[in-house]
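Asks: Now for the letters of each chain:
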Amino acid sequence: MSDQIDVHVEHRDAPPPPERKHPNTCPSCGSHYRDDELEAALWVCGQCGHHFPMGARARIDWYADEGTFVEEAADVRSEDPLEFFDLRPYAERLAEAELNTGLGEAAVIGQAAIDGHPVQLAVMDFTFMGGSMGSAVGEKFSRACDSAIERGVPLVSVTSSGGARMQEGILSLMQLPKTVCAVEDLHDAHVPMLTVMAHPTTAGVLASFASLGDVTIAEPGALIAFTGPRVVQQTTREKLPDDFGLAEQNLRFGHIDAIVPRADQRAHLVRLLRLFA
Amino acid sequence: MSDQIDVHVEHRDAPPPPERKHPNTCPSCGSHYRDDELEAALWVCGQCGHHFPMGARARIDWYADEGTFVEEAADVRSEDPLEFFDLRPYAERLAEAELNTGLGEAAVIGQAAIDGHPVQLAVMDFTFMGGSMGSAVGEKFSRACDSAIERGVPLVSVTSSGGARMQEGILSLMQLPKTVCAVEDLHDAHVPMLTVMAHPTTAGVLASFASLGDVTIAEPGALIAFTGPRVVQQTTREKLPDDFGLAEQNLRFGHIDAIVPRADQRAHLVRLLRLFA
Amino acid sequence: MTERDQELNLRRRLSGLSRLPLLRGARVDGEAQRLERQLERLKADTSDEAIWRSVELARHADRPYTMDYVERLIDDWVELHGDRGRADDGALVTGLGRFGGRTIALIGHQKGRDVKERLDRQFGMAYPEGYVKAMRVMEIAERFGFPVVSLVDTPGAYPGVAAEQHGQGGAIARSQAEMARLTVPTVACIIGEGGSGGAVAIAVADRVLMQENAIYSVITPEGCAAILWRDAGEAKKAAAAFKPDALHCLELGVIDGVVAEPAGGAQTNHDEAAQLLGGALLEALEELEETPGEELRRRRRAKFRGMGVYA
Amino acid sequence: MTERDQELNLRRRLSGLSRLPLLRGARVDGEAQRLERQLERLKADTSDEAIWRSVELARHADRPYTMDYVERLIDDWVELHGDRGRADDGALVTGLGRFGGRTIALIGHQKGRDVKERLDRQFGMAYPEGYVKAMRVMEIAERFGFPVVSLVDTPGAYPGVAAEQHGQGGAIARSQAEMARLTVPTVACIIGEGGSGGAVAIAVADRVLMQENAIYSVITPEGCAAILWRDAGEAKKAAAAFKPDALHCLELGVIDGVVAEPAGGAQTNHDEAAQLLGGALLEALEELEETPGEELRRRRRAKFRGMGVYA
Ligand SMILES: [Zn+2]
Ligand SMILES: [Zn+2]
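Chains as they are written, first to last, in my numbering: chain A, 1 to 277; chain B, 1001 to 1277; chain C, 2001 to 2311; chain D, 3001 to 3311.
Quick caveat, the hints were computed from the structure, so don't treat them as lab data.
There could be a bad hint or two in this list.
Said to hold, decoys possible - Negatives, chain D to chain A, calculated, CB over 10 Å:
no.: 1; residue: Leu3080
no.: 2; residue: His3081
no.: 3; residue: Ala3087
no.: 4; residue: Asp3088
no.: 5; residue: Thr3103
no.: 6; residue: Glu3222
no.: 7; residue: Gly3257
no.: 8; residue: Leu3276
no.: 9; residue: Glu3287
no.: 10; residue: Glu3295
To be verified - Only part of the chain B face toward chain C is listed, based on derived beta-carbon distances under 10 Å:
no.: 11; residue: Thr1236
no.: 12; residue: Phe1253
no.: 13; residue: Ala1277
Claimed, not checked - Here are some, though not all, of the chain D residues that point toward chain C, as calculated from beta-carbon distances under 10 Å:
no.: 14; residue: Arg3084
no.: 15; residue: Glu3129
no.: 16; residue: Val3132
no.: 17; residue: Ala3171
no.: 18; residue: Arg3181
no.: 19; residue: Asn3269
no.: 20; residue: Thr3291
All residues carry an ideal CB built from backbone N, CA and C; glycine is no exception.
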């Protein structure tokens, strides 16, 4: 069933655990990098162009003019309304994620300027529970919309998510209409929304606010799919095209406006911000 | 080129000339009918269900409650702004068409009631120069929209046309945006438009008002295509599916709401009129 | 636990609702009374066994589907077909009809009763084209002021190659956006499986109801079990953990009411199930029709924007 | 005929315009002056030979295409891709950019310069997906108040099996309807071939211009000849009969102005052609921007509803 994707993807596309392979090893060409090398290269492989995951804070540092970012809603945290317990309690997973990532949730929002253009940022982070969207992520994204409306500045949204956060049950599904309603408020206020889809943008996030940007660009090689390749294969036994679900296929099929390598994204956003100013 | 369709279709789908085959011979099963037999059967073959062309006046008699039809814009006639002359002058073709059909143009419009529901009618007639749309047809359809708006009653539009009328050159193409603008005025006034597509509904008429109904039904076997099969074949050399462009294919591909045999159309329209009342 | 203890427990649970953000002013008037009326229903069994029974009944082969309700509740039904682009998706039925004296637009998943129909309708799993068709009918409803009723019954949106290539994620997002824009009254009811994005795509409504034995969830129990317990056989355990049943959805403020079914489940008596569903839909519509369209939209968005639990 | 006779003849022709219904009140202010300014241009040759020269120049392999103008006229160009459903149609380019200090949305057919690009772009013949893409960009323009500029250059919409199956006729109709709904200023210019429905789909604009050697027609000369003369070789005769050239389109009230080209045709000097086109587009936009959006829409519809000649 297609809804399995939400967590399948989260697991499948999670960075491999460190004990198996060093996270700075390029999965495409096998090149190794020191942390500072990768950081200087915006987490893009200098050999083959593979885009490593980029954390929310690093991305904000890269997009925003120095010293302009003012975080909002930093204190919003997930609760555990279902007292969800599978092999481990959800509460424990949350605590661990915060500890490992230094983030309170899978999204960071705030005000910033990009090349002097004031913007609102809403940036997801895949390392926090696979970027999954629960009540906290939904709330933070919605507040970013409101803040953009209040200030009359464009919203720049960066997505990276395996989908809805299963551990919050039906409330995680409700973050789809919640964020959609927030974007509709944005639309009604004639505030632009520019979306950058990073790997992976799937399931519940793709099926809600991620797909509603006025202009949508994607990172090269990003998986952008409602249902990921493994579940499609398992469910339908179809033969998958080589680039199934990748940004390149999505461009060909008309779902996104452009694929922009990370190094060019800031300039691309600045150009768009001038157009929507 | 796709624009060739406008007149190709007009010629290809015109009823075969009387000297070749009697017009009351069913092209599907070869059955013969007397005029009065066919008329009593709504010009549908009793053997195989083939829908013969139905003239505008006959269709109005069939749809409208007896004595309710009041024709409008009956005096609108085509002019010949280009003094168009191919193998014969356009003016001569027009005169001949009027003589042969007893119609002033390829569309008849007016007020009527259907099962007591007041409606506006705009009905095309394929026998008048292949139902082609020139300035007069465009004007009559537009006036039908205005009349429907003024009276606040649904517009029932029956299409049967090979496309724009080449002999009026670019002015015939302008009947596309003209009729589209008329329908948009209708939409803005929240007046419903119910469309019945008869054989053939092609080219310029399909690419304008015919496609903009709120609900669209088609007659069985009607050709509904922007570019007809012969031109597609000649231009692209593609192998055509058996039911290329027919109502049945259009239903499968999501272009129309239903295929309704002629005998059931009146009841279907009455049901829709109750819903939109 | 005595019956009295149970009721006390339920009352506590109900009062606990007011801690949820969606009850902090975002809800419509009369909400408290409506929830009050649900108290009786909340006395029902909410054990893990009861949840699993809902899962089974929601998927019961004899459960009434959308068209079974259309036949019983709608006059002058005219089905509308096609997305005006490339397909007519049989998994999602759309049309116009008379219901309680008014014209409504109806949108509903349809699973199919026999093998052939199930295949034709992809077991109720819609392609993007299905959601585009739904949006077209919503636009007609908006233009003519017809209320929109949607009946949700899908394991999820179709998970295939073509569905992805035609933009499944975007279609689900835009269908929700369209519902968030409407100024006509909208009522949705989960009548069987309310599976993930494919369900919520047509359920962004002023009133969202669930039949007593319907389920509404972000993932199937099997899918959840396969991932978290690494064993699809643990579906029952998964369902108990994420609680897709109507009572828990009501408790979490995700739905606005529970619609009773005949004793033993809707499959036992389609006519009675239809009567009960019809009554609930009509009550919801009549109440909504008193509110101006712009205000309906404002409240609808506020309701969904209030959903979730966070600190 | 002396030059004086010619001018008298042209003045007569110009005054004859007032008999056409579209000049009976439906036109915008300043129309008379604009036509007056065209008088100079109307002195040009309107013989059958001249018409055929236009047909040849409109199709000239070196004629500037949409992207040639974008490169020369637009700053901060960002192309927008895709219909959000199933394809990105290369025959129709859409994007945003700065033009004369304002952000505009631009829509244009693109034929392709070399063999590979021509095949990729289907010789400028768009699929329904191309028109859906155009509509999406029009919606962005409407939401943010960007004027829409469209450059028309197509033999016609793509005449293939898939194009029909995906709803070519409906897409062309809906693209026109979308343009009829906009409240932002819209300017279209035929920059080469304006072929039939595929052209008018993006040309329902407040101001429709034509380059001096562009053609705008309901059918290709070859198509017309094949049918009416039963000989495609009679294309020249057909063109003379249906008069697709700019001057006759102006005379018939179908376009609002003629844009000069470099001597010998736009293909001789792309830079100069772009400068002339840019000036005309800018003049039209600046004039339109003085009018409120609702009024623009009203006048736009009135203009097109006034087109045609009948008794
Ligand atoms: Zn590499
Ligand atoms: Zn027969």
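Asks: Out of the numbered hints, which ones does the structure contradict?
Replies: When the structure is compared with the hints, numbers 1, 2, 3, 4, 5, 11, 18, 19, 20 turn out to be violated.
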